[in-house]
Amino acid sequence: MGILEVKNVNKRFGGLQALGDVNLSVAENTVHAIIGPNGAGKSTLLNCLVGKLIPDTGSVMFAGQSVLGRKPYEINQMGISRVFQTPEIFGDLSVMENMMIPLLAKRDGSFRMHAIESLEDERELRAEAEKMLDEVNMLDKQDMHSASMSRGDKRRLEMAMCLIQRPKLLLLDEPTAGMARADTNNTIDLLKEIKEKRDITMCIIEHDMHVVFSLADRITVLAQGTPLVEDTPENIKGHPKVKEAYLGEAA
Amino acid sequence: MLGIKGKDLSVFILVAVLALLAPFLLNPFPVDSAMAQFNAGYPDLMQRFVIFGIFAIGFNILFGLTGYLSFGHAAFLGVGSYAAIWMMKLVSLNIVPGIIMAIVFAGLFSVLVGYISLRRSGIYFSILTLAFAQMSYALAYSVLTPITGGETGLQIKPGDTPLLSNVAEGEIGRANFFGLEMSDSSVITLGGWEFTMNVGYYVCAVVMIAAFYLAIRIFRSPFGMMLRAVKSNQQRMNYTGLNSKPYTLAAFVISGMYAGLAGGLMVAMDTQVGPERMFWTASGEVVLMTILGGAGTLIGPVLGAGFIKYMENIVSKINSTVLHEWFAFLPDGMEDFLVTIFYPFVGKGWHLTLGLMFMAVVIFLPGGLVQGGQKIAAMFRGKKAAEKDGKTANQQTPAE
Chain A
1 MGILEVKNVN KRFGGLQALG DVNLSVAENT VHAIIGPNGA GKSTLLNCLV GKLIPDTGSV
61 MFAGQSVLGR KPYEINQMGI SRVFQTPEIF GDLSVMENMM IPLLAKRDGS FRMHAIESLE
121 DERELRAEAE KMLDEVNMLD KQDMHSASMS RGDKRRLEMA MCLIQRPKLL LLDEPTAGMA
181 RADTNNTIDL LKEIKEKRDI TMCIIEHDMH VVFSLADRIT VLAQGTPLVE DTPENIKGHP
241 KVKEAYLGEA A
Chain B
1 MLGIKGKDLS VFILVAVLAL LAPFLLNPFP VDSAMAQFNA GYPDLMQRFV IFGIFAIGFN
61 ILFGLTGYLS FGHAAFLGVG SYAAIWMMKL VSLNIVPGII MAIVFAGLFS VLVGYISLRR
121 SGIYFSILTL AFAQMSYALA YSVLTPITGG ETGLQIKPGD TPLLSNVAEG EIGRANFFGL
181 EMSDSSVITL GGWEFTMNVG YYVCAVVMIA AFYLAIRIFR SPFGMMLRAV KSNQQRMNYT
241 GLNSKPYTLA AFVISGMYAG LAGGLMVAMD TQVGPERMFW TASGEVVLMT ILGGAGTLIG
301 PVLGAGFIKY MENIVSKINS TVLHEWFAFL PDGMEDFLVT IFYPFVGKGW HLTLGLMFMA
361 VVIFLPGGLV QGGQKIAAMF RGKKAAEKDG KTANQQTPAE
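Protein chains in written order, with full-length UniProt numbering: chain A, 1 to 251; chain B, 1 to 400.
FYI, nobody ran anything at the bench for these hints, they're computed from the structure.
Small disclaimer: the values here were computed from a predicted structure and weren't measured.
Glycine is no exception: its CB is placed at the ideal position from the N, C-alpha and C atoms.
Some clues are possibly wrong.
With beta-carbon atoms standing in for the labels, derived distance ranges [as the list claims (entries may be wrong)]:
hint : chain 1 : residue 1 : chain 2 : residue 2 : range
1    : A       : S118      : B       : L90       : 38 to 44 Å
2    : B       : V167      : A       : R107      : 37 to 43 Å
3    : B       : L20       : A       : A180      : 56 to 62 Å
Coverage of chain A stretches by chain B, computed from C-beta distances (three or more under 8 Å per stretch; other residues unrestricted) [to be verified]:
hint : segment
4    : 35-48
5    : 97-107
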């Protein structure tokens with residue numbers, strides 16, 4: 001029984017069957033990659049996991065509890081964090097403030113009216129944030145306006161914001177999309193490091209095969225909304241069905 | 001000190017000192033001089049400065065922090081005013097219960113309006129709040145006449161005998177603060193200068209300083225940071241385990257209560273209310289004040305409120321006779337020509353001056369008067385320091 005169990009999930013957008021009978025089981029403390037050509041339903045599947053979309057049928061269980069019908073913030077409070085395709089950070093805020101928000105969310109829940117307390121008094125949280133920033137090599141940037149940073153830094157900040165909540169499951173939606181080779185390699189190293197240091201399950205949606213094969217323990221290939229195969233990276237590499245899905249009938 | 005420090009503390013002290021010394025600072029010209037008409041240090045106007053300052057400080061908590069632009073805040077001001085005048089008519093001529101009820105009722109009304117309007121964001125939110133405010137205005141003007149006095153509004157009349165105050169038969173009750181009447185003033189004469197120390201003004205000023213202090217605390221609290229997060233990226237907020245709805249509603253209600261406080265103080269200073277207080281131009285005015293001063297900054301709304309109220313009361317008093325006096329030293333033809341040029345911008349045309357100033361500020365200083373101040377300060381410190389400032393988050397960023 002995996003930490004994340006997706007059973008018979010279907011999702012239709014009008015006449016388009018975006019997901020058809022998707023079954024997926026992500027085992028605890030593994031890196032599970034979901035790959036597939038454009039329009040295969042990868043992002044739709046991810047959105048069903050985080051509460052942005054509700055599947056028409058089927059069930060999504062996380063750590064024994066259903067996530068269906070819950071709001072994104074409730075699902076986050078259950079222990080799922082998400083990294084977006086384009087880094088979603090609080091651009092108007094400083095790097096340190098960006099780190100304080102997930103910490104406060106973790107400590108105080110989805111809403112608390114702490115209007116008179118001073119932010120400066122949260123020394124414990126600040127120390128925790130500094131530790132995390134140090135881990136992603138951003139401690140020197142803590143007072144920077146986060147919108148003015150490079151894309152790679154924004155990505156690292158977003159990951160740090162997710163990780164500081166100590167999620168049980170981290171969902172990554174094309175974490176290296178649009179990155180230069182060097183940045184991609186840095187991201188791979190960062191993710192590997194994260195994996196080594198803590199107990200965390202990751203689910204990665206990715207186009208870049210280099211990333212997938214250097215990180216994943218298991219790979220699911222999606223095509224036209226249905227899982228084609230699920231196997232270890234070694235077996236996926238030469239799989240004829242995968243080649244077919246990516247390169248078309250001719251291959 | 002007081003749980004605030006550094007820059008915030010100096011801004012707070014500056015505002016407190018300005019507010020307490022206003023009767024002196026706003027009367028820089030001797031009474032007999034030609035410039036005396038630029039003196040703003042009379043109680044009525046000073047009260048309006050601080051009351052609208054409170055209104056704008058509250059509005060800034062919503063608009064400056066969360067970015068939700070409400071076009072209906074005058075409704076809360078009006079509700080507060082009606083609540084306060086009824087307290088004075090029925091319960092006590094002491095202003096304290098009236099002001100407390102003004103805050104309570106404005107708060108309750110803003111829960112209702114906010115709960116409905118905050119289902120949408122952006123322009124739809126603005127339109128919903130505008131609709132609510134216009135609805136309140138229309139109701140106060142017509143259907144709710146038994147409560148609001150309709151077109152004529154409400155004022156304290158000779159027949160009003162509040163429960164807890166002793167008013168002689170036929171006497172018109174006057175608002176007081178534990179016996180101190182709001183209209184009491186003492187005039188200090190120093191040479192050619194006259195300074196009016198008015199009880200009502202000082203009550204308003206102290207309340208404004210307290211309201212400003214509370215706003216600083218909110219700005220620097222974790223709650224204030226969450227409100228800025230709402231403006232910055234609601235998507236990230238929701239995926240970070242935070243429910244943005246109650247945060248925006250709380251900000252909306254707080255700013256509604258500030259508006260109610262302002263409304264209650266207005267009644268305390270001048271015991272009458274009319275529905276025009278809720279008209280949409282009144283809602284628009286507070287938006288102008290906040291943007292003109294600098295939305296999202298601490299001191300901006302106060303500056304904006306002072307600036308607009310000064311223009312409204314001082315520039316509008318300049319008439320053609322005054323203009324002729326100013327240009328009297330010129331040959332007749334030139335004098336008439338200049339008077340013709342300047343006339344549309346003063347007197348009843350003060351809105352034109354305000355409009356041009358507003359356009360200039362929005363185009364050249366999107367951060368409002370505060371940004372203007374920062375630019376001037378940066379010029380003195382040298383350009384390098386300014387560039388460095390631009391890269392840190394300490395700089396206060398204007399609202400869109």
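Results for each hint:
In this structure the supplied range 38 to 44 Å holds for S118(A) paired with L90(B), their Cβ-Cβ distance being about 41 Å. For the pair V167(B) and R107(A), the supplied restraint of 37 to 43 Å is violated, since their beta-carbon distance comes to about 55 Å. About 59 Å separates the C-beta atoms of L20(B) and A180(A), a value consistent with the hinted range of 56 to 62 Å. Evaluation of the coverage hint for the segment 35-48 of chain A: breached, as 0 residues show C-beta separations to chain B shorter than 8 Å, against a requirement of three.
Counting residues of the segment 97-107 of chain A whose CB lies closer than 8 Å to any CB of chain B gives 7, so the stated coverage by that chain holds, three being the minimum.
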